[in-house]
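Visitor: Please work from the sequences and hints to get the whole structure.
Here is what each chain is made of, one letter per residue.
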Amino acid sequence: MTRLHDLNFFVKLAAAFALMTVAWLAPDWRFGFPFAALILLMLWATRVPKLGGYLKGAGLLTLMVIVSWMVNLLLQGVSAPDALAHAAKMAARLVATTALFYFVMETSPPGAILAACSAARLPAVVTLVLSLLFGIIPMLRDEFERIADAQRARGMEIDDVSLVRRLRFALARGVPLLVQAIRTAHAISFSLSLYGFELSRKRTTWREVGLMVEPRMTWKDMTR
Amino acid sequence: MLLAVDKLTLGFGAAEPLLREVDLALAPGRRLLVCGATGSGKSTLMMALAGVIPKISHVAQYDGSVTLEGENVLHIPQDALFSRVGFVAQSAEDQLWDLSVEDIIAFPLENRATPRDEVRARVRVLMEHLELTELAGRRVLTLSGGERRMVVLAAALAPRPDLLVLDEPTTGLDPAARGRLCEALKQASEDVSGLIIAEQDPAHLAPVAGDLALLSNGTLSAVRPLAPALDDTALWREAGLLPPRKHRAQRRTVEPGRELLSVTGLRTTLARASGKPVLDALDLTLRAGEVLGVIGRNGAGKTTLMKSVLGLTPVSAGGIALGGEAAQDWTTAKRARQIAYVPQSMRQILFHMTAAEEVDFARSMGQGREDTGTVLARYGLEGQAETNPFALSARQQGQLGLACAEASGAMIAIVDEPLLARDLEGRALLETFLDRMTSQGRAVMLISHDLELVDDLATRLVLVGDGGIAYDGPLAEGWQSPAFAALGWPTPYAPARESAA
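If you read the sequences in order, they're chains F and P.
Take -18 as the starting number for the first sequence in my numbering and just add one per residue.
Take 3 as the starting number for the second sequence in my numbering and just add one per residue.
Derived by calculation from the structure, the hints in this document are not laboratory data.
Here are the simulated SDA-like pairs of lysine to any residue, each with C-alpha atoms no more than 20 Å apart in a straight line:
no., chain 1, residue 1, chain 2, residue 2
1, P, Lys336, F, Ile139
2, F, Lys31, P, Thr315
3, F, Lys31, P, Leu272
4, P, Lys336, P, Thr315
5, P, Lys188, P, Gly212
6, P, Lys336, F, Asp130
7, P, Lys57, F, Ser170
8, F, Lys31, P, Arg141
9, P, Lys57, F, Phe171
Guide: Laid out in structure tokens, this is it:
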């Protein structure tokens, strides 16, 4: 199933939009919830990286959506069962949507997006924007985790403490994360300048691109 | 003339420019090594020679000229210039982002719309020559520092530049990788007309460079032949550098004290592609007063060992005791109060707004009592207490790392590849740190690819290999051991002995 990760970025994106449309057209929670669960099952089956972290976030999102819609609808005089049904429908839509785009984001490294865009002969600026848009979030998340490890390695107890302290320490990661984000932006800008990236010139790619995008070069077939 | 520099003066707005009236001429076919202490301006000069300054980075003062085959770099369009000049920065991370190995190498060709078959052929050749095929498909940000550097070098070579400018390319490379780098540079000479390399230690790259220029006090010396200069001890000391063919220093001897760290039967959850744990059945001890030199190939498991001890990577079996107490169930933070970690890049572990706050934090995590200003001054950071740590130079950040490690009062310090120790001033700071740690009954794990540094400063040698400790014992025996011979690395000070003979 992990071969699905190598699907062309645009195929993944189109599939995600199509499935998201289905999720939003679901008439009520009795269809929406199983559909969202099916999407989550697909993420698990295709071994999407760091799914545990996503599920925690999705759980929190579901809770927040249900609570906010319940409060809103109850204040408008809607009955509790109807309010719950509506809130559940909205939560299912959001979980399905975020799960689908999480799949696209996690399984599409910037290099694969660059290749798909270059093979499609898209303008260089579109290529760059799409690669950065989908690539920067996993990069910053990894950086956030690395800084947490650094805090631990300096003796800061960030795991075995109350939620409030944990949140405070998480906020303390903001400064180095900001510094790292600026450094990453500088590195990208520097490499683009040094390696001849020009907005007016369409790029090529070393990868074979079709329905799938070649993930790595192999040394078995030297005749290619 | 391939490259000509005429009265080049570069400054960053301070009263005195960093480089003053530098003159240089590089004829086609010449290979020049530029050596200088940390902070002497090597990186700035390399960027100016490559045209990165002023084309990409700007400086407050840029006087004089740099011409490439008679054309002032100021007047060469940026894309055309960097097709002709390959550049590898001191910090390879500055040229990398989250792409795969093949993507990075192919990037300069893809951006210039080179046809796919040509790109593939060139990437294949470079990956084979630089022995990078095992890294195919890997994302560069998951690679070790040494591996990243080789990938960036391949990217610099990809467009077949006329001139290659490399800034400290051997940083983080083990001796075998340095050998591969030299071989790659020799092969590249078929395509590349001129080569300029900045380094602190000339011995590693002597096989590929013919000429030498020394940078100190803002000026570049006249170019001279490299080979005879290697034996001129005074020349290197005047430039603030450790002489490349100095003779072995008196080895440190120590009567080890109580056991501070004990690792028994350690097996990591992290496994290699074959399924074999990165470390398995590993035993290790560290005693008070010791400086344990830890060596091993890139990827042998040195970093994994350090992370396992700190609790940053999960272990599936084995025990860890700190100061006689079982510590395998301790959190990373609790272990870290006994083990101060000084990584190669301090940026990884800084998160306060001032240098003084970093030291204060280190002291608050441990048992240290010394005044912050005193500790900062000891490591050459007087006047920098209120400076943001990220505004310090890489060298100063390394000094801050030593200051924090000492201030923490932790009984063990792990110092990973201390790059500041590559010149006289930095070496003196590291020796101060080691002396203070060991004299206080504490101990240090010194992880390094610099075998001379390990030979000079360590009191015991450990060689990590084959998932465990391949050798553990005195240094002199270690260099003669079968485990060390299996690495195929030169024995430290071997060139000096050959020279003396």
